[in-house]
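Asks: Here's the letter readout for the chains.
Number of protein chains: 2
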Amino acid sequence: MALNYPNRKPQVHKEANKANLGMDLETMINESNEYFLNNDIAVIHKKPTPIQIVKVDYPMRAKAVITEAYYKTPSTTDYNGIYKGKYIDFEAKENHNKTAFPLANIHPHQMSHLKSIIKHGGIGFLIIAWNKYNEYYLVPYEVAEKFWDAAYKKDERKSIPYETFKKECYLIKEGYLPRLNYLKVVDEVYLNKKD
Amino acid sequence: MALNYPNRKPQVHKEANKANLGMDLETMINESNEYFLNNDIAVIHKKPTPIQIVKVDYPMRAKAVITEAYYKTPSTTDYNGIYKGKYIDFEAKENHNKTAFPLANIHPHQMSHLKSIIKHGGIGFLIIAWNKYNEYYLVPYEVAEKFWDAAYKKDERKSIPYETFKKECYLIKEGYLPRLNYLKVVDEVYLNKKD
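As given, the protein sequences belong to chains Z and H, one line each in that order.
Straight run, no breaks: the first sequence in this note's numbering ends on number 514.
Straight run, no breaks: the second sequence in this note's numbering ends on number 514.
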């Protein structure tokens, strides 16, 4: 598979941090996945947004037009795929707060999905962007679960403090290609490899 | 995870073959995947249909309504997930012919996606239903690739003959729970296990 990224999307980049200002997390991850795919590093895709289609028109000589549809709650996470023979599964979320990430941003079924994935031998985590700090963290499922269970089984705080990200999660460095090399962190955390 | 299938969807079934008449392949696979999930056997989901959303209305006090959208060509296969620690990926197609399965039913990018999956250590195949015979086959990617390459590189026949299904593919038996136990065939073909 050829590296065709630079030819397909010509863009002017300055310093990575500045270039990424205003680029949302989803775009950064999608571009990274495109790089991983084109360079035969991994096959990871974002799942399409689930839509409930109610009405479709078929105009003559034109393609079908969906004229009434609604967003559905996703039953799984947004991203999955394969890397070095391992099943990879994660959810990506942006956080606009300064001191904590509210657990309300995660759906309960996304947590149970990740739990199942790990039980079956896969790698499951969250990628959380701190927009205020321009920081991106890989949050192991186990860390999120600890706070999730405390919140909903023991009625404790309903968020993960920034301190926990610093201490128990893994900073994903920004770059040019790929934008967000989260697989390097996967190597270190789950596959016990260092460059 | 509890086995909650029988309680959630009470249904009356006669003989499996008759009960499945008229049930489309997608429904059969989705119900099987639900059984696999509820019984903690595997986590395999159908990806949502990719939609290009053009216009969304936000009526007061009501949820967002998509009022103009179009179907997009999928960039991957329909199904993926994890089974016994292995990444599983497949496309499902129905065939209404009697003597051959037309390759035009498969998108080129679905073939290249499956090829990548196998290269990265995953299990990739097609499930093809022969509606005329009420038969369901697991078609290893390699078998499909042989005919694909002959068709599009050597300009040979553009279909896979029924005989090839009989000789080189694997019949998936229909049942009650799960409807279509394709993972039993995965065990035998890819994980070298027999009951």
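Note that these hints are calculated values from the structure, not bench results.
Hints may be right or wrong, so weigh each one.
Copies of one chain are not kept apart here, so a pair can be met inside one copy or by any two copies together.
[As the list claims (entries may be wrong)] With a Cα cut of at most 25 Å, we get these calculated SDA-like pairs of lysine to any residue:
1) 366 to 417
2) 374 to 386
3) 374 to 506
4) 486 to 353
5) 451 to 472
6) 486 to 439
7) 365 to 425
8) 412 to 485
9) 374 to 509
10) 512 to 440
11) 434 to 378
12) 486 to 368
13) 438 to 503
14) 465 to 489
15) 473 to 397
16) 374 to 431
17) 485 to 383
18) 451 to 357
19) 486 to 467
20) 365 to 417
21) 434 to 381
22) 434 to 449
23) 512 to 368
24) 434 to 474
Asks: Run through the hints listed earlier and report the numbers of any the structure violates, in increasing order.
Replies: 1, 3, 4, 5, 6, 9, 11, 12, 15, 16, 17, 18, 20, 21, 23
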